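Protein chains: 2
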Amino acid sequence: MFESAEMHHKVSKERFAREVPALRMKLLDAQYRLLGSKAASIVVVVGGVDGAGKGETVNLLNGWLDPRHVATYGFGGPSDEERDRPPFWRFWRVLPPKGRSAIFFGSWYTEPIVSRVLRHIGRGEADRAMERIRHFEEMLSNEGVVLVKLWFHLSKEDQGKRLRALEKDPRTLWRVTKTDWAHFRLYDRFRAISSRALRQTSSEYAPWQVVAGGEPHYRSLMVGRAVLEAFELAAKGGRPPERAKAAPAVDPVDQQHVLHALDLKKCLDKNRYEKDLEKLQGRLNVLTRRPQFHERSLVVVFEGADAAGKGSAIRRVTAALDARIYQVVPVAAPTDEERARPYLWRFWRQLPARGKVLLFDRSWYGRVLVERVEGFCTETDWARAYSEINEFEEQLAEHGVVLVKLWLQIDAAEQLRRFRDRQKTGFKRYKLGPEDWRNRKKTPAYERAVADMIDRTSTEIAPWTLVEANDKRWARAKILQTICERLKG
Amino acid sequence: MFESAEMHHKVSKERFAREVPALRMKLLDAQYRLLGSKAASIVVVVGGVDGAGKGETVNLLNGWLDPRHVATYGFGGPSDEERDRPPFWRFWRVLPPKGRSAIFFGSWYTEPIVSRVLRHIGRGEADRAMERIRHFEEMLSNEGVVLVKLWFHLSKEDQGKRLRALEKDPRTLWRVTKTDWAHFRLYDRFRAISSRALRQTSSEYAPWQVVAGGEPHYRSLMVGRAVLEAFELAAKGGRPPERAKAAPAVDPVDQQHVLHALDLKKCLDKNRYEKDLEKLQGRLNVLTRRPQFHERSLVVVFEGADAAGKGSAIRRVTAALDARIYQVVPVAAPTDEERARPYLWRFWRQLPARGKVLLFDRSWYGRVLVERVEGFCTETDWARAYSEINEFEEQLAEHGVVLVKLWLQIDAAEQLRRFRDRQKTGFKRYKLGPEDWRNRKKTPAYERAVADMIDRTSTEIAPWTLVEANDKRWARAKILQTICERLKG
Chain A
3 MFESAEMHHK
13 VSKERFAREV
23 PALRMKLLDA
33 QYRLLGSKAA
43 SIVVVVGGVD
53 GAGKGETVNL
63 LNGWLDPRHV
73 ATYGFGGPSD
83 EERDRPPFWR
93 FWRVLPPKGR
103 SAIFFGSWYT
113 EPIVSRVLRH
123 IGRGEADRAM
133 ERIRHFEEML
143 SNEGVVLVKL
153 WFHLSKEDQG
163 KRLRALEKDP
173 RTLWRVTKTD
183 WAHFRLYDRF
193 RAISSRALRQ
203 TSSEYAPWQV
213 VAGGEPHYRS
223 LMVGRAVLEA
233 FELAAKGGRP
243 PERAKAAPAV
253 DPVDQQHVLH
263 ALDLKKCLDK
273 NRYEKDLEKL
283 QGRLNVLTRR
293 PQFHERSLVV
303 VFEGADAAGK
313 GSAIRRVTAA
323 LDARIYQVVP
333 VAAPTDEERA
343 RPYLWRFWRQ
353 LPARGKVLLF
363 DRSWYGRVLV
373 ERVEGFCTET
383 DWARAYSEIN
393 EFEEQLAEHG
403 VVLVKLWLQI
413 DAAEQLRRFR
423 DRQKTGFKRY
433 KLGPEDWRNR
443 KKTPAYERAV
453 ADMIDRTSTE
463 IAPWTLVEAN
473 DKRWARAKIL
483 QTICERLKG
Chain B
3 MFESAEMHHK
13 VSKERFAREV
23 PALRMKLLDA
33 QYRLLGSKAA
43 SIVVVVGGVD
53 GAGKGETVNL
63 LNGWLDPRHV
73 ATYGFGGPSD
83 EERDRPPFWR
93 FWRVLPPKGR
103 SAIFFGSWYT
113 EPIVSRVLRH
123 IGRGEADRAM
133 ERIRHFEEML
143 SNEGVVLVKL
153 WFHLSKEDQG
163 KRLRALEKDP
173 RTLWRVTKTD
183 WAHFRLYDRF
193 RAISSRALRQ
203 TSSEYAPWQV
213 VAGGEPHYRS
223 LMVGRAVLEA
233 FELAAKGGRP
243 PERAKAAPAV
253 DPVDQQHVLH
263 ALDLKKCLDK
273 NRYEKDLEKL
283 QGRLNVLTRR
293 PQFHERSLVV
303 VFEGADAAGK
313 GSAIRRVTAA
323 LDARIYQVVP
333 VAAPTDEERA
343 RPYLWRFWRQ
353 LPARGKVLLF
363 DRSWYGRVLV
373 ERVEGFCTET
383 DWARAYSEIN
393 EFEEQLAEHG
403 VVLVKLWLQI
413 DAAEQLRRFR
423 DRQKTGFKRY
433 KLGPEDWRNR
443 KKTPAYERAV
453 ADMIDRTSTE
463 IAPWTLVEAN
473 DKRWARAKIL
483 QTICERLKG
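Residue numbers (my numbering), protein chains in the order written: chain A, 3 to 491; chain B, 3 to 491.
Because the hints were derived from the structure by calculation, they are not lab data. Any given hint could be a false lead.
Any copy will do: because identical chains look the same in the list, a pair fits if it lies in one copy or spans two.
Stated by the list, open to error - Here are the computed lysine to any residue pairs in the SDA-like style, where the Cα-Cα straight-line distance is at most 20 Å:
id : residue 1 : residue 2
1  : K40       : T337
2  : K238      : S314
3  : K40       : E340
4  : K28       : D68
5  : K490      : P354
6  : K40       : L346
7  : K40       : A342
8  : K40       : D338
9  : K238      : R341
10 : K40       : R348
Everything numeric in this text was worked out from a predicted model, so none of it was measured.
Using the sequences and the hints, build the whole thing.
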């Protein structure tokens, strides 16, 4: 959920100064068009960790937009009037009419998340609160409210640094209270609980946008663009009964995706690799023979660009397994039989019994990768797929399936080298077709899709592991290691 | 939920014999068109109480349709193979491809409902199971599966009669097992739990159709029609990505709505009425002065045809109340301010604080009554309103609001008499406009809407009370009595 936001994003002061005037013009223009068209209303929901710039951003938005037509509401503890009525009343009473917009600083998320962090409510009750929110937001969207949900994030490290820096400076020392440090101690719990909440409520009609909160210029441009997209959508957009379209997630303005943070130079020398490989394969073999494994099963998903080495990595895994317990399922374009059913059907029917291992060479993630990028399905379809996939994986996890999801990343130069190699080597030639060359041109679109996929489906129950795969030896060792660790855990 | 199904419905043998051939022709025809168009697939989900004709109906459908293209699956306890995989696997594996259909006898509802009845799981876990089902069915619908969900119902009385009748006849005695009587003892619990489950999963894309199971001819015609509608819809219908449209609930084939079961002859003589009224008003007054009431609030919804006596009934209630604690809100066409927001907004903003009373003269039910019948909103809008309203009322109930919903029913003759009376009486003339005369012509459409409203929104947390209102005295006394009882409880 927070993978992208924990990268170091940066926008230079110069670029910021250059881009802001145009952004502000566009924002104002879109705001006035919406006022005129009255086609929808906008609610910007602001949540996230302390110190990630929530307050500054709200102030900034009020400066950038015409503040006469944006109402900002801070929701702290409820007033007497509010306490006397059902909890959602305070939000209903300030819902903006069509044409206008509101910023909700704190929202219907605050109370259930905080209560859960402080253990005032259990997981079941928190889940139920999130379901209620889902229904509420679906209804709002059906009624023509465009929701922009911004979650401001800071890594634990950055959060600690920030507090210490404020304390060091005598001019800002006063800003750090005991409560801040108390919150900091709860960071991990808060992160896990909000990650779950975001997964449960990131729907196709109201997706979360996680904002990296560390760097003000980057953060402000990202928020500005997200809000702009929502206004533009709302201004022209779908009067009810047509559902208000959700604003899509905004591309990082510095083009820094999670994939870029990988150090693709990582490698393993041959001697070390051979020793490691043998050890890891042995360990995996033992792990799948333990009596505990009879009650579980293992599903490994291999995804990655063409020529990233999925096939050869899979062979290094299967070499460690008893042939009677595993199966490899290559996933190509769906057959007619598969196309006639919901897209998850072909994966459900393959699910392994207890005590078995299933390796998917590509998977259900095709829906949000190739099908999205190539336009094989509509935006509505792939947009709803994230939560459908999370639901699917939740069912696997509850049943005791260990699900390992691997993304194998290579860079463009390495891919080209491998393509050329395939052309030259007779027995590898079948592995390369014209579409492989064509796909290369679409790299930015694919990277965007991969980044979205990781942000939206790397969950506490089924995290993604990113594998630096320029060096095949490194990749294979990391993959075996990851599988062993997940099986042990 | 079960109001309509607990009425005595009947279709004569002659009518049944007359109608069945045409129905079968149409069914076969629609089935073949669907096979050809491959536009969607159909899953008929069969659930409900024992002895309500589930098995007979499944057999009948197999006889009416071409059985080569309908697969029937009975889901009892899971097999070893199924137990080894996540619970939904057994349903996925037999999902029919586009063009074809399946009957699921027992379904994803069976396990959670039975577990809850036997107290193997708590309410929270059952609620979560229903949420999962909602998501699952939404996904199916998005993927082009038309769901026909049939819930076969028998009242407790009919259920008991049936078992005793079988026991009396030596030829059928063997059919009644100890388990049947054990289930019968759990009837009330089963009814309450399934009512909740049906409310939570009756969505606009997969609504439940409750089938009165007592009389075989009626039951069979109802099911036949429901399935026919689904096939016709599927045959022409929405390929994905367009969501498969939910088949609408079928009108009772004998035109017997819950409203027809009311005995409108009920009346109260003047002396008795005056005594009762005084007593009831006194009781209501005391109830709203109790310290307990400071922690609660009272919302009363008055709905009914024109001239049903809502206004005068409201005055009899307010006469019992301290003027400082109540408010009457007449609900007319929405203002511009209200129209610019979600339709529930105008009701949320009126919600009373603790210790207060709010009387709605017409209410949020306008969405599924006048707006539906007059076409002021689309079918999608009013279809989703049932679950939105149930969610809204659930929030009221959780907050301790006592919600009393009253439907005042008069017959056509009485309405005409009152209209004429209004024409004659000067000070009542303003109460009658041309649209009142026009509305009278739409009585059947309104009655259908009222019956649907009661079936879908009379829930365990906020039941409807139907008030026989031809006699105003009877109606007023019943209304006061109902309010007092709900406040006491």
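Alpha-carbon proximity between K40 and R348, which holds within one copy, between copies, both or neither at 20 Å
Only across copies: K40 and R348 sit 19 Å apart there, 44 Å inside one copy, limit 20 Å.
Classify it for me, K238 with R341: is the Cα-Cα distance of at most 20 Å met within a copy, between copies, both or neither?
between (35 Å within a copy, 19 Å between copies)
Quick one: K490 to P354, C-alpha cut-off 20 Å, is that within a copy, between copies, both, or neither?
within (19 Å within a copy, 56 Å between copies)
Treating 20 Å as the Cα threshold, decide for K40 and E340: within, between, both or neither.
For K40 and E340, only the inter-copy Cα distance (13 Å) is at most 20 Å; the intra-copy one is 44 Å.
Should K40 paired with T337 be assigned to within, between, both, or neither, using CA atoms and 20 Å as the limit?
between (46 Å within a copy, 15 Å between copies)
Checking K40 and D338: alpha-carbon separation at most 20 Å within a copy, between copies, both or neither?
Only across copies: K40 and D338 sit 12 Å apart there, 45 Å inside one copy, limit 20 Å.
My question is about K40 and A342: at a cut-off of 20 Å on alpha-carbon distance, are they close within one copy, between copies, both, or neither?
between (41 Å within a copy, 8 Å between copies)
For the identical chains here, do K28 and D68 meet the 20 Å Cα criterion within one copy, between copies, both, or neither?
within (12 Å within a copy, 61 Å between copies)
Is the C-alpha distance from K40 to L346 at most 20 Å within one copy, between copies, in both cases, or in neither?
between (39 Å within a copy, 19 Å between copies)
Please sort K238 with S314 into within, between, both or neither, judging by C-alpha distance up to 20 Å.
neither (50 Å within a copy, 47 Å between copies)
The earlier numbered hint that this structure contradicts is number 2, and it is the only one.
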